[in-house]
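Chain by chain, the residues run as shown.
There are 2 protein chains.
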Amino acid sequence: MGRNAVICQSGGPTAVINASLAGVIERAQERSQIDRVLGAFHALEGIVDEQLADLTNLSASQLESLGSTPSAALGSSRDRPDPKYCERVLTSLRKHGIRYFFQIGGNDSAASASIVSRMAEAAGYELIAVHVPKTIDNDLPVTDHTPGFGSAARFVATGLAGEDLENRALPGVKINVVMGRHAGFLAAATALGKSREEDGPHLIFLPERPFSMDTFLTRIEDVYGRLGRCVVVAGQGIRDVDGVCWDEKVSARGAKDPHGNLEFSGTGRLCVFLADQVKENLTVRRLRADSYGYLQRSFPGLQSPVDRVEAHRCGRAAVDYACAEQRGSVAIRRTGTGADYSSELFLTEIDNVASQTRFMPDEFISEDGTGVTAAFVDYALPLVGELPSRFFLDPD
Amino acid sequence: MGRNAVICQSGGPTAVINASLAGVIERAQERSQIDRVLGAFHALEGIVDEQLADLTNLSASQLESLGSTPSAALGSSRDRPDPKYCERVLTSLRKHGIRYFFQIGGNDSAASASIVSRMAEAAGYELIAVHVPKTIDNDLPVTDHTPGFGSAARFVATGLAGEDLENRALPGVKINVVMGRHAGFLAAATALGKSREEDGPHLIFLPERPFSMDTFLTRIEDVYGRLGRCVVVAGQGIRDVDGVCWDEKVSARGAKDPHGNLEFSGTGRLCVFLADQVKENLTVRRLRADSYGYLQRSFPGLQSPVDRVEAHRCGRAAVDYACAEQRGSVAIRRTGTGADYSSELFLTEIDNVASQTRFMPDEFISEDGTGVTAAFVDYALPLVGELPSRFFLDPD
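Residue numbers (my numbering), protein chains in the order written: chain H, 1 to 396; chain U, 1 to 396.
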């Protein structure tokens, strides 16, 4: 039996997924049970095609640079392994003497890791698979929050604070579409930069609440009437009353990825549609709509400090669990709140996470369904770090 | 005759337009010729409607906070004054004892300042008007570059460096639409984060070169064929061979602002159109398109250090010119290049800038028309500041 480890990164990139990778490598270097640490490029594909890099001897300064670089340095994948593919994975794992398998990814990546783990078990191959969580959507169950969310939240909160200044300067209606396939955590995080009652975002439409065009237009009209401007955020995954994604309705595509997720249009089509609705139904001075796109998950130099540290710790902990022969998914438990924020890690069954989705709890969503509560701000702000301050001038 | 000053901010916001505002206020506080410094909200509208703030006593720390805040703290405007409106402006200027008029803005704002200045002269009113340049588009003549460009360039270069990492991780075709009404400086600046030959952006389509759909598709097909991925940048102002803006063709609007500029669709419509063309004509694995939108000009906390300093200096210099009874537009002359970058300020006639546009010179555009030259990088990099480093892993 080999004593080597392999690491995969899977699913959508984040600003700190490489911090987790650096954590795994660093701790594997320290642990004597592990001989060599290999990185597989584009996840399982890299194992099968033997697109591998030996990461055992990366220096501390290389790990530091790696950890500060967004996106997935090993490349990513959205493939889901079928039994035949798993056989090829196992063949390659055997060949390279792999005993420890680390999968850094979201709920679909956990599912892939679970499939490989079960296939290995069925084949009598003692593989220790540990899943390291990441996703900007923050929609994994069990864990208090996911590495990647804090940094993406930092980007959208910062960006929206700037959008709000822009909207004050040139008043009108501005619509911003923010990522979040199923859950609204990231759309909600755009509110974290608010410092005054009149600050935007004035309306946040979340996937957790049915999105009706009537409500959308009425609420905008109301805010615009009161303030002469309105900054709107819509989660990419907003659904109609029948649960159908507006993005799907608008793009008339309905294509699905191998995990059964709807592939979003990814072209700002939802933006254009929402802006057209406002244009056709309301009279407003200026109207603009932007989709935050990939910037929100891969903008360099904007990691949340807490997020960076936790992502790194999750990577290190995964190695310790593996060395203790414990399979599962690393999770975060909050042990201190507010200014005293702190957290600790624990292990959960990988199937508690695989293909599961967590949504925003009701207590985080305002009564009228288009804003967030103080409980949400208390929850999310420590994960984001200090935001740039803004200075306001008002007429005497 | 009064001894007061009024300041306006006009046109599209930038990350450092408030640094220029802080510079004007700070220097006006120091100069004994000026009694009070007023800020007019939403430019001339604030003068006419007396939406004014007395900024004379802002503290050094308030000026520091103001200077680090993006967008226009006094609000902005795209209005163009007609003679009747100018009369109302002059009436209010007289009432408030204004002798010094500072207009921080682009070429259209310079035109507005010029109109007010000439109207004042015709009325025998000794108004000293000084224009402080700003525009992220960098399309003003005379000056080496404009305050605001360096910070916007920093945002798009950083963002694109992240997009490129994302595209490496999940290969496909990614299209990004970047601001620039007439000139391609900002689209070109997306190349500043490139560190390796294979790095994106792989293709940059500039308003300075006719954009044909055939070339667009052929070039993407070529890059995708070679690298298995392609990161594309298109300037918002790209035009067809007849000089018609693609954004106008796509949105079928053609609405113009009071300065005669085409109002862009502002909804990602160009993105959707370009992505659809790729989808219909090429076979690629993943396809996404985003518009960088307002983030590129109002993202907090991302000022270029050089840009911030120069914007502030331009504001201070404007006051000194005004106190020396010199009317005009402040401009920047480069006095040192590369690592020894330095600059000095001078004054030019306001009509040399008003309503004039500068384009990318041929020497900044690569032979094939879809990239930038080393001369452009030498020109732009000192204005942007150091960019976040990236760490790469490759299969053994």
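To be clear, the hints were calculated from the coordinates, so they are not data collected in a lab.
Glycine included, every Cβ here is placed at the ideal spot set by N, Cα and C.
Don't take each hint at face value.
[Stated by the list, open to error] Simulated coverage check for chain H against chain U, where a stretch passes if three residues somewhere in it have a Cβ under 8 Å from a Cβ of chain U:
1) 51-57
2) 72-79
3) 136-148
4) 155-164
5) 268-278
[Claimed, not checked] Cβ pair distances, simulated, as ranges:
6) U:E349 - H:S366: 49 to 59 Å
7) U:S212 - H:G228: 39 to 49 Å
8) H:D368 - U:T335: 35 to 45 Å
9) H:Q356 - U:D240: 48 to 58 Å
[Unchecked claim] Derived pair list, reagent style DSSO-like, types lysine-lysine, alpha-carbon separation capped at 30 Å:
10) U:K249 - H:K279
11) U:K84 - H:K249
12) H:K279 - U:K279
How does the segment 136-148 of chain H fare against chain U when you require at least three residues with a CB closer than 8 Å, holds or violated? n = 0 at 8 Å, threshold three: violated.
Does the alpha-carbon distance linking K249 (chain U) and K279 (chain H) stay inside the 30 Å limit? Distance of about 19 Å is within 30 Å: holds.
Within a Cα-Cα threshold of 30 Å, do K84 (chain U) and K249 (chain H) meet the stated pairing? violated, 50 Å
Coverage claim, chain U over the segment 72-79 of chain H, checked by counting residues with Cβ within 8 Å (three needed): holds (count 7)
Distance restraint between K279 (chain H) and K279 (chain U), which requires alpha-carbon spacing of 30 Å or less: holds, 28 Å
Lying within 39 to 49 Å: is that true of the beta-carbon distance S212 (chain U) to G228 (chain H)? holds, 42 Å
Quick one: see if chain U covers the segment 51-57 of chain H, three-plus residues with Cβ-Cβ under 8 Å. holds (count 5)
With a Cβ-Cβ cutoff of 8 Å, does the segment 155-164 of chain H contain at least three residues near chain U? holds (count 5)
Cβ distance range 35 to 45 Å for D368 (chain H) and T335 (chain U), holds or violated: violated, 58 Å
Does the Cβ-Cβ separation between Q356 (chain H) and D240 (chain U) fall within 48 to 58 Å? holds, 50 Å
Just to make sure I understand the rule, a stretch counts as covered if three or more of its residues have a C-beta closer than 8 Å to a C-beta of the chain. Does the segment 268-278 of chain H meet that for chain U? holds (count 6)
Outcome of range test on Cβ distance (E349 (chain U), S366 (chain H); 49 to 59 Å): Given range 49 to 59 Å: holds, Cβ gap about 55 Å.
Of the numbered hints stated above, those contradicted by the structure are hints 3, 8 and 11, listed in ascending order.
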